[in-house]
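**Q** The chain contents come next:
Number of protein chains: 2
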Amino acid sequence: MIATLQFTTLLLAVIVCRATQDYAYKDVEEPTLGDSQYGSLWPLPQKVEMSTVAFKLSGASFQIVDAKESSSGASCSLLQNAYRRYDEYIFPISRMQGQNKEKAFASDVSELQVWITSADSECDSYPSVTSDESYELTVDSPVAVLKAPKVWGALRGLETFSQLVYEDEYGAKSINRTEIQDFPRFAHRGLLLDTSRHFLPIKVILANLEAMAWNKFNVFHWHIVDDPSFPYMSRTFPQLSQQGAYHPYTHVYTPSDVKMIIEFARLRGIRVVSEFDTPGHTQSWGKGQKDLLTPCYSGASPSGSFGPVNPILNTTYDFMAMFFKEVSTVFPDAYIHLGGDEVDFSCWKSNPDIQKFMAQQGFGTDYSKLESFYIQRLLDIVTTTNKGYMIWQEVFDNGVKLKADTLIHVWKGNQQQYQAEMARVTASGYHTLLSTPWYLNRISYGQDWQAAYKADPQDFNGTDAQKKLVVGGEACLWGEYVDATNLTPRLWPRASAVGERLWSDKDVKDTNDAYSRLTKHRCRMVQRGIPAEPLFTGYCAHEYKGV
Amino acid sequence: MIATLQFTTLLLAVIVCRATQDYAYKDVEEPTLGDSQYGSLWPLPQKVEMSTVAFKLSGASFQIVDAKESSSGASCSLLQNAYRRYDEYIFPISRMQGQNKEKAFASDVSELQVWITSADSECDSYPSVTSDESYELTVDSPVAVLKAPKVWGALRGLETFSQLVYEDEYGAKSINRTEIQDFPRFAHRGLLLDTSRHFLPIKVILANLEAMAWNKFNVFHWHIVDDPSFPYMSRTFPQLSQQGAYHPYTHVYTPSDVKMIIEFARLRGIRVVSEFDTPGHTQSWGKGQKDLLTPCYSGASPSGSFGPVNPILNTTYDFMAMFFKEVSTVFPDAYIHLGGDEVDFSCWKSNPDIQKFMAQQGFGTDYSKLESFYIQRLLDIVTTTNKGYMIWQEVFDNGVKLKADTLIHVWKGNQQQYQAEMARVTASGYHTLLSTPWYLNRISYGQDWQAAYKADPQDFNGTDAQKKLVVGGEACLWGEYVDATNLTPRLWPRASAVGERLWSDKDVKDTNDAYSRLTKHRCRMVQRGIPAEPLFTGYCAHEYKGV
Numbered sequence: 001m002i003a004t005l006q007f008t009t010l011l012l013a014v015i016v017c018r019a020t021q022d023y024a025y026k027d028v029e030e031p032t033l034g035d036s037q038y039g040s041l042w043p044l045p046q047k048v049e050m051s052t053v054a055f056k057l058s059g060a061s062f063q064i065v066d067a068k069e070s071s072s073g074a075s076c077s078l079l080q081n082a083y084r085r086y087d088e089y090i091f092p093i094s095r096m097q098g099q100n101k102e103k104a105f106a107s108d109v110s111e112l113q114v115w116i117t118s119a120d121s122e123c124d125s126y127p128s129v130t131s132d133e134s135y136e137l138t139v140d141s142p143v144a145v146l147k148a149p150k151v152w153g154a155l156r157g158l159e160t161f162s163q164l165v166y167e168d169e170y171g172a173k174s175i176n177r178t179e180i181q182d183f184p185r186f187a188h189r190g191l192l193l194d195t196s197r198h199f200l201p202i203k204v205i206l207a208n209l210e211a212m213a214w215n216k217f218n219v220f221h222w223h224i225v226d227d228p229s230f231p232y233m234s235r236t237f238p239q240l241s242q243q244g245a246y247h248p249y250t251h252v253y254t255p256s257d258v259k260m261i262i263e264f265a266r267l268r269g270i271r272v273v274s275e276f277d278t279p280g281h282t283q284s285w286g287k288g289q290k291d292l293l294t295p296c297y298s299g300a301s302p303s304g305s306f307g308p309v310n311p312i313l314n315t316t317y318d319f320m321a322m323f324f325k326e327v328s329t330v331f332p333d334a335y336i337h338l339g340g341d342e343v344d345f346s347c348w349k350s351n352p353d354i355q356k357f358m359a360q361q362g363f364g365t366d367y368s369k370l371e372s373f374y375i376q377r378l379l380d381i382v383t384t385t386n387k388g389y390m391i392w393q394e395v396f397d398n399g400v401k402l403k404a405d406t407l408i409h410v411w412k413g414n415q416q417q418y419q420a421e422m423a424r425v426t427a428s429g430y431h432t433l434l435s436t437p438w439y440l441n442r443i444s445y446g447q448d449w450q451a452a453y454k455a456d457p458q459d460f461n462g463t464d465a466q467k468k469l470v471v472g473g474e475a476c477l478w479g480e481y482v483d484a485t486n487l488t489p490r491l492w493p494r495a496s497a498v499g500e501r502l503w504s505d506k507d508v509k510d511t512n513d514a515y516s517r518l519t520k521h522r523c524r525m526v527q528r529g530i531p532a533e534p535l536f537t538g539y540c541a542h543e544y545k546g547v
Numbered sequence: 001m002i003a004t005l006q007f008t009t010l011l012l013a014v015i016v017c018r019a020t021q022d023y024a025y026k027d028v029e030e031p032t033l034g035d036s037q038y039g040s041l042w043p044l045p046q047k048v049e050m051s052t053v054a055f056k057l058s059g060a061s062f063q064i065v066d067a068k069e070s071s072s073g074a075s076c077s078l079l080q081n082a083y084r085r086y087d088e089y090i091f092p093i094s095r096m097q098g099q100n101k102e103k104a105f106a107s108d109v110s111e112l113q114v115w116i117t118s119a120d121s122e123c124d125s126y127p128s129v130t131s132d133e134s135y136e137l138t139v140d141s142p143v144a145v146l147k148a149p150k151v152w153g154a155l156r157g158l159e160t161f162s163q164l165v166y167e168d169e170y171g172a173k174s175i176n177r178t179e180i181q182d183f184p185r186f187a188h189r190g191l192l193l194d195t196s197r198h199f200l201p202i203k204v205i206l207a208n209l210e211a212m213a214w215n216k217f218n219v220f221h222w223h224i225v226d227d228p229s230f231p232y233m234s235r236t237f238p239q240l241s242q243q244g245a246y247h248p249y250t251h252v253y254t255p256s257d258v259k260m261i262i263e264f265a266r267l268r269g270i271r272v273v274s275e276f277d278t279p280g281h282t283q284s285w286g287k288g289q290k291d292l293l294t295p296c297y298s299g300a301s302p303s304g305s306f307g308p309v310n311p312i313l314n315t316t317y318d319f320m321a322m323f324f325k326e327v328s329t330v331f332p333d334a335y336i337h338l339g340g341d342e343v344d345f346s347c348w349k350s351n352p353d354i355q356k357f358m359a360q361q362g363f364g365t366d367y368s369k370l371e372s373f374y375i376q377r378l379l380d381i382v383t384t385t386n387k388g389y390m391i392w393q394e395v396f397d398n399g400v401k402l403k404a405d406t407l408i409h410v411w412k413g414n415q416q417q418y419q420a421e422m423a424r425v426t427a428s429g430y431h432t433l434l435s436t437p438w439y440l441n442r443i444s445y446g447q448d449w450q451a452a453y454k455a456d457p458q459d460f461n462g463t464d465a466q467k468k469l470v471v472g473g474e475a476c477l478w479g480e481y482v483d484a485t486n487l488t489p490r491l492w493p494r495a496s497a498v499g500e501r502l503w504s505d506k507d508v509k510d511t512n513d514a515y516s517r518l519t520k521h522r523c524r525m526v527q528r529g530i531p532a533e534p535l536f537t538g539y540c541a542h543e544y545k546g547v
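Going down the list, the sequences are from chains A and B. Just so we're aligned, residue 1 is where the first sequence starts under UniProt numbering, counting upward by one. Just so we're aligned, residue 1 is where the second sequence starts under UniProt numbering, counting upward by one.
Next comes chain A alone, as it looks inside the complex:
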């Protein structure tokens, strides 16, 4: 056994100079770059004991295998795929070039044994909000052991194991003796991408799912349609994308695309929660579905433009019932996000039929009552599909009656306002998700990951019981200003800050330590092929190869 007492992370070494931020204004205090005792781990596991004893790993002899005792075996392709993936991350060059094949150096650590401890590994299931993602990792010589009740924890532990491996000055892979016990602080750690304002090619979505797994995110919130375009190809209503997509076949997601994305995500322990936002944000729906939207009036006659979904026609609800029946089978996740935000009442107000309906129902001039009327019926429809639902906070604010398992998604206001909203939502006994401080589409100059990092979803006035109703949060990258050209570097590593906040212990908040680890973590993402942008002046040993 060769053991060195040095913990070097040359593979991911980054020099960040403390030069003055010339030509720029100091917007944020720059954190100091030191070496974290936790190397390049991101997000930080709940409990880490890392020794200075280092073991060598040889690409020729090291392998990831099922533990004999594991309830999961060769038939679990989710794990087999993950072994192959992490093998390639750990030995990106040596295996590909077959360099070490002739000189079969012995590894101090010859195997990582993956041991699924519960009878049902859940290998062929979809992840859910109750999935067990915990794991224990023991790195020792001659074997390392990764124990997890379910495959979901094994996936998280494999990522952690890969983050422990580093390269010494001679390019040799090493790993220190380590004990890790880990589990997520929050069950819902999401990322919202918007494929309506700009179409995102499949390749971009898959690359970002990959990066999500590296950051232990577990929910892809797919804001798939909205006003500008309707790229979801519906089997039941093909006209929706035929007319509503930017282009009927180059800018759509076919049923096969959707299936592939869901499976790619599942293999990484990521849920795909689709959002079909109504009654607002539906301009693109109207192109392929006659009479779905409210005709707006200019004085006594229709103006030719359309408003939100028309809530007074039975055909609307017939359509929604059929549409969400399809959606509930296409997307296996137990939840659907139903939107419900930002309904503009001006068109409804202009329409004489709507006015008549308001009077009949006794709504007076309170159009939020009409909105609630619509949402209530929609929720009833979706309930028949046996799905749970998530909705934006306005639906709660408007007093719509909701099922107890509804997730209220908080996105509005400044810090004081969103904290008050979290308090109100949880005081009403609802589960909640936070996004307000994590609107990553809003960029600013400098190290804005720090503001995202400092926000905490349980930081509001409330009882312990209320805090427990916080299921997690989501980073959101709305699509006005991003497409395939700039989405990925704009998202990473800024979203990584949210990833750690939602996974690690609430006391993990040392910005300097985070800066050190995140700088290395971003270089690792770059080396794995994702153009994650730099946090500050410096370099990666392996720079991005694209343009």
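Derived by calculation from the structure, the hints in this document are not laboratory data. Keep in mind that the hints are not guaranteed to be accurate.
Chain copies aren't distinguished; within one or between two, either way the pair holds.
[Unchecked claim] Calculated pairs, DSSO-like style, for lysine-lysine (alpha carbon to alpha carbon, straight line, at most 27 angstroms):
(1) 259 to 545
(2) 287 to 454
(3) 545 to 203
(4) 356 to 467
(5) 509 to 369
(6) 287 to 467
(7) 349 to 545
Since the structure of chain A is provided, determine the placement of chain B on it from the hints.
**A** Structure of chain B alone, referenced to chain A:
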């Protein structure tokens, strides 16, 4: 002759929905997207007469050729390379796939004849600040003619010609009958990239030179070294990059790299002006050159850290003479940028030898006099190499005596301050360049290209004679937060706004028309392989293929 009366730009068609900017705050007024009468031309030529008569172009029969009367022929590889490049831009798919080879459709326009009208085409020269970039373009059937006194104008005209070509609904290429007379408003239209804060792989530099040509930029200001790293490999002082680069061979520019970049730029009519900034911004120089930097003192003894270049040692000037002698041969351009900005006096103040020198020279405690002393000697040294120089505004502000052909580069302050500075500089009879409003590293949420677009370098209080001393300007992308992962989408099409401001007539300032043309221009850049980011919600017919 097939002539249609439609001017469609389906190839570059972009639908930008006027949806509310949901989930975002309105920072800037969104311009309206209409169709510009100028199609996708960017920057707008000085004089355009475009008819609605459209001609067909067939990839199988159309070609770009030297006009018989041209003073430039097959031996001019600059033009031959450009013909090949533009042929590929105009027929990106059909030629590559050889689709049209069998069915040789006739073109309404069968040739673009390129006619260099002056006896010396300057084909084998380097471009300079006095290069003639004017051209006249006549598109008619059966031939189009591009007349230019020099190759530089021909390059600009080829780009314009390629921008006139569009695709109809059936994918057929068309071009309208057009007359263009064009020349740049300013002779110096630069882009600064910083390869010290982050190393930029050659590939990234070349891609951005390519994009510069599409936007009619003609100066690459290469801020090659600075505090954080010294990637320039010097033949005379190899230790500078050996010790000062982030990595001695993966993060350096070898003499061959530099040569290649200069030639690649020349072929596109782009000058390469190198900046070796002293006496500040030189931390990385000190690593490979003993005694070059000033030792800082803490009380009576050296603190171990170093300040600006040591201006009191003869060895400093010996080094500078040898170093700039090399630089003046490596970079053929007539100008060198000598920096001279942001000199921090605290280290000089702490050093007893410097204090003694100050007393001897009678400088009192005015360290700007010491700075001027250094700069004056440096300028004398560089003058012996027969180069002109550019310097940042501080050198002028400090009253250093400058040669009459010196270019003062204005970069500081708010609008009022930089306009006052432009007035002072030109009142003193110096030529000047503006950069303050074009620090594109400073990002903000929304359509910030508009602010860059609205700035005008001649917008200050001064006489016509003063205005004529404005040579142009430069967009700057300082490197704190950009590297290969995010530089290109962050730069384009934001820098395009500066490109039009510096090329087109000063009255070209209709933001709505610009928005329409720029939206199409950015899709064209994407189709040519550059990940130029979107201006707003919408799509390109051909989305970016990378991640």
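**Q** Determine which of the earlier numbered hints do not hold for this structure and return their numbers in increasing order.
**A** Hints 2, 4, 5, 6 and 7 contradicted; others consistent.
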